[in-house]
Amino acid sequence: MTGSMQHLIVAPVVLPIAVCAVMLAFNERRRMLKRALSLATTAALMVIAALILWQADKTGVPQVYLLGNWSAPFGIVLVADRLSAMMLCLVSVLGFTALLYSFARWDRSGPRFHVLFLLLLAGVNGAFLTGDLFNLFVFFEVLLAASYGLILHGAGEERTRASLHYITINIATSLLFLIGVAMIYAVTGTLNMADLAARMATVPPEDLMLLEAGAAVLGIAFLVKSGIWPLSFWLVRTYAAAVPPVAAVFAVMTKVGIYIVLRLNSLLFGGAWAETAGFADNWLIWAGFATIAFGVLGILSARTLSRVAGHYVLVSSGTLLAVIGMGGLELTSAMLFYLVSSTLSVGALYLIIEPVERNADEDDIIPGLEEPVFDDEYTGAIEEEENEKGIVIPGSIAVLGGGFIFCTLLLAGLPPLSGFIAKFAIVDALFSGPVISAKAWILITLIILSGLTTLVALTRAGIDLIWTPAEDSPVHLNVTEIVPIGLLLAACLVSMILAGPIFSYMEAVAADLGDASLYIDAVMNAPRAGEPEMGEAL
Amino acid sequence: MSDARLLILVLALPFLGSILAAFLPTRARNAASFMAGLIGLIASALLLSFYSTLATGQTVRHVAPWLPSLGLDFTLRLSGFTWLFALLVLGIGTLVVLYARYYMSEEDPVPRFFSFLLAFMGSMLGVVLSGNLIQIVFFWEMTSLFSFLLIGYWHHNQSARDGARIALIVTCLGGVCLLVGMLLLGHIAGSYDLDVVLGRGDIVRAHALYLPMLILILIGAFTKSAQFPFQFWLPHAMSAPTPVSAYLHSATMVKAGIFLLILLWPVLAGTQIWYLIVVTIGLATLLVGAWSAIFQHDLKGLLAYSTISHLGLITLLLGLGSPLGLVAAIFHTVNHATFKASLFMAAGIIDHETGTRDLRKLSGLMKFMPITATLAMVAAAAMAGVPLLNGFLSKEMFLAEALESQSGTLLDWALPILATLASMFSVLYSIRFIHQTFFGPPPVDLPHTPHEAPHWMRLPIEILVLACLVVGIIPTLTIGPLLQIAVRSVLGDRTPDYSLAIWHGFNMPLLMSVIALVGGVLLYRRFGGRLNAMTNSPFIGRLKGRRTFETVLAALIDGASALHRMVSTKRLQVQLRILIVVTLAAGSIGFLTYGYSVGNGPTIMLDPIFAVLWILGGASAIGAAVQAKFHRLAALAMVGVAGLSTCISFIWLSAPDLGLTQLLVESITLVLMLLGLRWLPQRLPEFWPGGRTPFNVRLRRGGDILIAVAAGLGAAAIAYAMMTRPEPEGISRFFLEQAYHGGGGTNVVNVILVDFRSFDTLGEITVLAIVALTVFSLLRRFRPAAESVELPVQQKVQNAFDAGREDREHGDTAAHYLLVPRVIMEWMFPIILTCALYFLIRGHDLPGGGFAGGVTASIAILLLYMASGTRSVEARLNIQPVRWISVGLMFAVLTGMAAWLAGYPLLSTYFSYLELPLIGDMPVASALLFDIGVFSVVVGTTALILIALAHQSIRTPRAPKPEKAPDKIPDMEGDT
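If you're matching them up, the sequences are chains A and B in order.
For the first sequence, the numbering used here gives the first residue as 1, with consecutive numbering after it.
For the second sequence, the numbering used here gives the first residue as 539, with consecutive numbering after it.
Just so you know, these hints were derived from the structure itself, not from any lab.
Everything numeric in this text was worked out from a predicted model, so none of it was measured.
By construction, the Cβ of each residue, glycine as well, lies at the ideal position given by its N, Cα and C atoms.
Mixed in with the good hints there might be a few duds.
Stated by the list, open to error - FRET-style restraints, in silico, Cβ to Cβ: (1) B:1432 with A:530: 18 to 24 angstroms; (2) A:328 with B:1326: 57 to 63 angstroms; (3) B:1245 with A:157: 26 to 32 angstroms.
Stated by the list, open to error - Derived EDC-like pairs (lysine to aspartate or glutamate); straight-line CA-CA distance at most 20 angstroms: (4) B:905 with B:1035; (5) B:1108 with A:158; (6) B:1108 with A:157; (7) B:1167 with B:1242; (8) B:1334 with B:1344; (9) B:1334 with B:1347.
Work the whole structure out from these sequences, hints included.
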C-alpha cells in the first residue's frame, strides 16, 4: 500500500464533508454550482469505491487505515475489506443515481438538499468503513442527522409528522446503541471491533451475562435500523413520506443495519469461541421470518406503490437477517448477491413510483379488489364494445411502462434480471445441505410468497396506472428522471449477465466473513506510518 | 459456422428482431411483419440444417459458463424432440406473423405487437433449447411475461387487462413452484444439467423428496398447460388478438407444460403416484374441457375449451407412463398444433370479416367465404378425429393406450369409456362449430357484410390444413421420420415399435372411434338446436374458476389487511413501548442464561452529600417525567436540576473537563428549549366524560409505569454490575500514558477528542452542522399554532400600560423592564468571549477545548439576543452562522489532510512549543487548529438554531389578528 492509494480509504468519508464545507460557504441560490459540485462528488465516490473494491479484491486482505497514525486498538481504524468495498460501491451507485434524479425538481423543494445528501453518504460510507464501535455510533449519528434533514426536505404536514415519528424512534435507538457499547466496553475494555473479537475468547465466564446483554441491546439498535418486526412500523410511513430520491437512498439505510449485524455477528459470534458462538442466530432467523411475513401482509394490503415499496424493504431485510442467522458459506454469498440486487431494485422502484403515479388522482392508487359481480365462465361472446385496434403509446409511457415492468420483475424475483438469480441462489443454497431443515422450508415458502405477493400488488398497480386509458395528458418525463432509473435497472441487468464473476466475488466475501482471524490480524498488525513517533519525526 | 454457434443464432435471432421492431416507426406495419417473418424463416432454415446430425441420434450441446459455482451454465441442447418442438414454434410462428400482417388493423401500432411476439417466440425457443433446469425456468417465466404483454396488447379493453393479469398470476404461481421443483430435482440428481439429470432417473424416483419435487414441477406444468383446476386462465386469454391466440394455444405457451412433461418424462414418469396424479388431472381436464366447449357461443371460447380438452388428452397419455403413450403424446402435440392454429386463424377471419364471433349470430357463411369454410371444415374434422386426417391417427393411438392401461385401479375400466365419451364431445363441438357457422340460412344483422379474406391471410391456414391432410394420408412418408427422431431422443433404448398406418384392421380403438363419431353426430342432431339457448355449461359451469380466483384473491387481500392492522401500529407511543419491551427482553436473555452477578471490584463508602445530590437529581428526573405532559416549564426546570447534579457528580468524581462541558451544554440546551417552548401549542387538560379516567386508560398507564420501572431497574442493575467490576485491561491506560508523550497535551480528555479519536470529533461536528441546518430549515417553514401566536399575558399587560399613557411609546415598558439585566448582559459579552477563547487555547492541557469554548461563545451570543432582542442585535452584529460552520468544517478537514503532505494518515498531529514574548513557552499542536474548527462549528450551530428560534418572533403570524400587525410586534419576544 503506497502513496495516495493508501489515503483512498478515508476519501469516501472526508471528500463529502470537505465538499459540504465548501458548499456551505456559497449562497443557496447558486444552485448550478452546488449541483455540479455534488454530482461530481458522487461520481468521484463511485470511482473511489470501485478503486477500493479493486484494491481489496486484488490484495485479498482487509486494507487498514490508522487515523491519526495511532495503532489499533488505541486509535480509530478504517477497514476496507471486500464486504465494505462492496457496500461502498452499492451506496455510491445509489447515491449518484438518486442525486441525478433529484435534479428533475426535488433538490429545489427545500434548502440545503445537496449538503444533507452528501453528508448522508458520508455517514453511510463511514459506517461501512469503520472498525471501531464508537466511531460507528458517530457515523450512525451523521447519517441519522442527515436523514432527519432529508426526510423533512420538501416540507408538508405528512412529511413533518412522519419525520418527527422517525426522529423520536431513532433517538431512542441511539440511546440503546450507547448503552450497548458502554456495556461491551465495560466487559472488554475496548471499542475496536477486531480487538473486541480477539478478546471474546478471554472474557471471564462471570462477565458473559453483561457481554451478551450488551450485545443484545446493541443488536436491537441495529435491528431497528434494518426494519425488523415489530420495531419497524415507522419505516414504511417515513419512506413513503420522503421525496423520491431521498426514499431511494433510504433503501440503503436499512442495509447499514444489516451490514453491521453481519459484520459483528461474524466477528464476535462467528463460531470461533464456543461459549458465545451462534448466540444471535436463532433470534435472527425467527425475527427475520416474522419480518418477511409482516412485509408480505403489508404488500398485499398496500394501497399505494410507495407502501408496496416500503414493505418490500421489510421483506428484503427479513430475508437478509434470516439468512445471516442461518449462515454458511453458500448461503452467505447468495445473501450478498440478493442484498445488492434488492437494494438497487427497490431504489429504482422508489424513483419510478412518482412519475408512474403522477397522473393518478385518487388516494388509493391500487384499487381494492371487489368480488366480481358478473358471472363469467366464459360462455357467451364478448358483449361489451371492444376496440380491437391498438392505441399508440406515447414514448414517455412506454419508457415508464418498461421501467415499471423491469422493477416488478426484479422485486418479484422473475427473469431476466438479477432478482431471479438472487432468488435462485438463495434457494439453491438452502437445498445444498444433506438434509433440508424445516427452517429452510419456511424460508423458501416465505421467499416464494413474498415474490408472488409483490407480483400481484405491482401488476394490479401497473395495469391500473399505465394500461388503463386516462384522459390526462401523457406524463412528461425528464431526462434526469429516465437516466437514473435506467442506470439502476441496467446495473441489475449487468449483474444478471455477469452473475458468474460477481458471484465469485461474493463467495470471497463470504469466505472472508467466515474467517474472523483475517480481519483481526489485518487490523491489529497494521503498521503505523513513519515509525518512530511522528511528533519526533517532523 | 459450428453447430453451437448456429444454435445460439437461432435463439438470438427472435430477441434481436424484437429489439429492432421496438424501434421501428409506429406505422411500419410492412417492415415489422416482413422482418418478423424473415427471422422466423431464417431461424427455421438454420434449425432444419441440424436434421442430418440429429438423425444419427446425436445431441447438439453448447455450454458457456454463466454462474458456474452454482451449477448454472448457459447450456443449449438440441435433441430430436426439442428440434421437432422448436420447428413447430418457429414454423407456426412464421405463419402467425404472416396472418397477423393482414389481421391487425392498419391503425394499430404493430411494431410493438411484433416486438412482443418475437420476444415471446424467443422465450419459447429458450425453454425448448435449454439444457439446464434453471435456464428452462428462466425462459419459462419469460414466456409468462411476454404472453402477459401479448394478451394485454389491447389493454384499453377491460377484458384484455383482466385476462392478462389472471394469466400472469396463474402462470407465475406455477413458475415459482416449478423453480423450487427444479431446484429440488437438481438437488436430488446432483446437477442442474439436463443430460445428467436424464441419466439419473432411478435415483430421482427412489429419493425421499421425489413426491414434493414431483408435485411442484407438476403444478408448474399444469398451470402453464391450463390443466384442471388451473384451466380458467386460458379462456380469458381470448381477449388477445387472434394471431396471439392462434400462437399461444397451438404450438407455444400452453404446450410449454406438455413440453416439460415430455422432456422430464424419462426421469419423473413410471411411478404409481405419477400415474395417479397425471392421469387423473389429464382425464379431468379432458372431460371438463370437452364438455365446456360444447356450450360456448364464442368461436374462440369454443376453441379455447377444446384446447384445454386436448391438452388434458396429452397429459393423460403422458400419465400412463408407457412408451407408446409417449409416442402418442408427441404425435398429438404436433397434430393439435397444426389443426388448432388453423382453426384459430379461421375463427379470426370470420371475426374479421363479419364483425362477430358469436355462434348464435353466425350462419350460412359457406356462400360468402367458401375457401375459408372448406379449410375450417378440414381442420375441424381433424380436431374431431375423422379418418384420413392427422387428428385421427393420434386419437386412435390414444384410444388404444386408454385400453391398455394397467394400473390395477378403478381407472383401468373407466378410462376407455371416458375416453370415448370425451371423443364424442369433441365430435359434437366440432360439428357445432362448422354447422353453426357455415351452414343454415344466410346470416342476418352482422356488423359487416361477410366476404372472403385476402389470399395472403388465408395462406397460413392453407399450409396448415395441407399439413393435416398430408400427415393424415401418408404419415409414414411425412411425419414418420421426424417423429422417430423425436421419440428416440426421449426414449432411447425404450423406443417401442409403433405403426403410423391409417388402417390397423377392425379393432377396439376403431370401434370406439366409430362410436364417438356416430354418437357425436347423433347428439348434435338431437340437442344441437337447444345449445344456442343455453347460457351456461351445465354442471361444469358452476365451477366458476375465474370467480373463485378473484374471490380468493380478494379474501386474501382483505385477510392480509386485517391481519396487517392487527400486527402493526401507526402510533408512536405504541411503537416506543414495543421498543422498550423488546429491548428489556433482549437484554434479560444474557442474565437468564448466565445469572446475574455483582462484580468484586473495590467499593467505596457512600458519601452522604453525594447521596443527597443523587436523590435530588433522581427525584427531579422523575418529577420531570411526571410533569412533562402538562407543565413543560416545570419539567424543563427539573431536567435542569437533574443535569446539574450530573455535572456536580462529574466534578466530584474528578472529571473537571467533563463537568465543565456538561455544565455549558446543559445551560445552552436548556435555554434553547425554553426559547422553543414559547411556540408550542397549549396542552389541553385531560377530560374524560364524568370526570373519571376510563379503566382501559388507567390499565395502559399502569402497564407503562411497570415497563418504565422495569427498564429503569434493569439499567440500574446493569450499571451496578458494570461499575462493581474491576476495570478490564483495556485501552484507557494507553491514553493516560501517551497523552503528553504522543499527543502533546496534558488534558487527556482533550487529547482524546482532538488527537486519539479526532475522527470521532470530526464526525460529531458534522452531526452538529447537520442538526443546525435541519432545525433551521424545519423552523424556516414553521408557523406556530394559532393559540401560540397570541402575545403572552405579561406583554399584553405591558402594552396596555403603554397604550394608556401618552408619554410612552408602544413597547417602552418591555424595553425598560429588562434594562438592568440588558446592560449587564451586554457588558458581559466581551468577557464571556474572552473566556471562550481562553477555554479554546488552554484546552489541550487544562479543562476546556474547542467544544467548551464554542459553547461558551454561543452563550455570549445567546445572552445578547435575550437581552437586546432579535432586531437590535442583528442591526449591530452580523452573525453568519452557516459561514462559521463552513469555516469550522474546513479548518477541521484541512488540518487533518495536512498530514497527507508529510505522508501520514489523515488527522495525524504535530506539536511543538512556541516562544512567545511575555507569555513564554506556549504549546502549539496542530490539534489546536483542529480545535479551532470545532469551536467555529459549535458557535455556528448554536447561533443558527438560536436565530431560527428568534426569527419566529419577527415573522408574520399565520392568522394575524388586526391588532397584531407585524410592525407592532415588539422586539422583546422569545423571552420566557
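Structure-based check of each hint:
1. B:1432 with A:530: 18 to 24 angstroms: 21 angstroms, holds
2. A:328 with B:1326: 57 to 63 angstroms: 59 angstroms, holds
3. B:1245 with A:157: 26 to 32 angstroms: 31 angstroms, holds
4. B:905 with B:1035: 46 angstroms, violated
5. B:1108 with A:158: 13 angstroms, holds
6. B:1108 with A:157: 16 angstroms, holds
7. B:1167 with B:1242: Roughly 15 angstroms separates the two Cα atoms, so the pair holds.
8. B:1334 with B:1344: Holds, at about 17 angstroms.
9. B:1334 with B:1347: 14 angstroms, holds
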